[in-house]
Amino acid sequence: MKLHRRDFLKGAVAIPFLGAFALGAEKNIRKQVEANIIDYNARLKIDKLNAPYEKLTAPTGKDGKKIRVGLVGNGWQGEKLLQKLGYLHPDEIEKHTKNGVESQWLQDVRAQENFNVEVTGICDVFDVHSERGIEISKNCVLSGTNNNNNPAKFYESYRDMIRDNNLDAIIIATPDFTHAPIAIDAANAGLHVYIEKPMAHSIDDAVELKKTIKKTGVVLQVGHQNRQQMSYKISREIYQRGLLGDVTQVETFTNRNTLFGAWIRDDAFDHKLGNKDNINWEEYLYNRPWEEFDIKRFFSWQRYSEYGTWSAGNDFAHWYDCVNQILDLGIPESVVAIGGQYHYKTHGDMPDVFNAVFNYPDRGLSMTYDATLKNGNFRQSRILGSEANLDIDSAIRMSKDRNSQLYKDIRLPSDDHLYYYEPQMDIDAISTATSRAYFRGGYGPTYIDGRIIDVTFLQVKEWIDAIRGVGQPSCDIDKGFEESVTFNMANLAYVHKKNVTWDSVNERVIIG
Amino acid sequence: MMAHNNIFKSGYSNWQIIALTVLRVLIGWHFLYEGLYKVISPAWSSRSYLESSTGPFATVFRSLAETDALLQVADFLNIWGLVLIGFCLFIGLFSKISAYLGMILLFFYYISFPPFGDSYSFAYVDGNYWIVNRNLIEIVSLFILIVFPSSHITGLDRFIFKTNRTGSKID
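Respectively, the protein sequence lines represent chains C and Y.
No gaps in the numbering here: position 388 of the first sequence is 388 in the working numbering, and each next residue is one more.
No gaps in the numbering here: position 37 of the second sequence is 1037 in the working numbering, and each next residue is one more.
A few of these clues could be false.
[As the list claims (entries may be wrong)] Cβ-to-Cβ under 7 Å is the rule here; a few derived chain Y residues that face chain C:
# : residue
1 : 1037
2 : 1040
3 : 1041
4 : 1090
5 : 1091
6 : 1154
Note that these hints are calculated values from the structure, not bench results.
Since the structure is predicted, the reported quantities are computational estimates derived from the model, not experimental observations.
Beta carbons: idealized from backbone N, C-alpha and C, even for Gly.
Working from the sequences, and respecting the hints, build out all of it.
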């Protein structure tokens, strides 16, 4: 068949179009790809943020001396803290092993950094929990250790544990009212202290504890693990670089809508096993006015102002430390508060509706705390600046102010943020709805130095490293003091229905 | 001399061959651009697309997304399938087999987000569809190109496949 020119033209008719396509397609693709990559640094007008590049501290366990740790208060949080040290109860190990195969969670626990600590003392007034604690102390599951440790010694009272010369450090996870007293005793005996939040049940306790820690020089870390959450570290850098402008409002919230969320926990966990015979009621009451044995006052202690600190101490204290980490607010000059107990009337005197306003005239801002126990829609903390807003939990959403001067020329699509940060997580690791909420509050894991690590673990690690002389605790006695004074001022303002002022010279409050 | 007449009677009118050629080139352009975008775009993967799939085969697609080895194969075939099918349709080379393969590829897109009205995800879609969506229309368009071939006239297949005097392809 002879190829005629017309044949060729007809057969090759698409080729010139392909040529035109080839000329334009690559350029257009690159343009589209560029448009999808958001350069947040350009939006914020900075070269780069430094916080995300932080490196983890090297382990101090191998070359350091072994640290003997005692735990007082082996409840929900107590067991979690033991897990961070590498210790698990046998039934947790069983729960995470199916047909001889260990779950990812258990494997991760085994792979945790070995702090070279030994749990040598357990103290809990509830026999079921103290027995669990002893069992746990026998099981260090970290890889490279054997599962058969000597069990920790059991102590009926924390005083015995402190005086026994069996500890170098103590973890305090008791109900709030004994946090500071136990810490004071422990520090005076030369023990380093990991104290759960909130640090102190009253301002007097906080003042006394601060004096003791400064005097004894022991290493104290308060359990505000948000200090390890990358989102708060980044937010701090954003604020310090002036990217928010002048901050005038800080908003914090509590939203709970369940019995458990409202701290009614008589039937939660293994609490049904508690009774007059397996709870050391007198030891529990410490120096509080005598009451007949009442299971509600033991398991739902947060709801009673004698033992707990209400939502201000349980929840606000956490959000306060988060914003304090970002803004270095310190103690407010004055506080007002209102609210009441309208819905949950069977357990204690905790208000279900609570609003407090914290006045910082020297910072030109005020902070609010709005709490309800009858609405469960999570509201994250907000910082309002003259140039931009910051919405923060484990993620950061920064939106530009409509009248911003700094970002006047930045054009954004309506649903886009000036800056957005999300820790690089395997979303599948967060399973249930409740754990999602926990995670949103800045608990759970964070992303640092290329790894996904639990923040409580990092908070404990920081304390252990500081005990060995490496680094400092992020939530030290001064930060703990600020937390305790601030939230206690709110509770006092509510109780007395008056303006409460802080006298920083004499370290006391003035009511009215 | 009539035997060497190069103007073949194809059985199509001029407008028909123009229409079929334009359709072939446009679908080729569509596939080729989509494929090249994925080649050039850094670290493109169909993972998030497959993980949010809906419909009766959602679990199959999700497990494909979660198995790294399978996902790599799927991504490779997807990207280079789009490029080759698009290129071939565009210039009219091996158009029949390309069209069949294109139908299969589009069928996978269709069935991973089938517009069946119930658990239909609107994440990757603009417009309102029921059973019939653009994927389905493009699948049928490719079928039209198969039963009404044009590449033996206006494509490079003209130089590959012998044609008889009436311009019908001899397979």
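(request) Starting from the hint list further up, note which numbers the structure goes against and sort them upward. (result) Every hint satisfied by this model.
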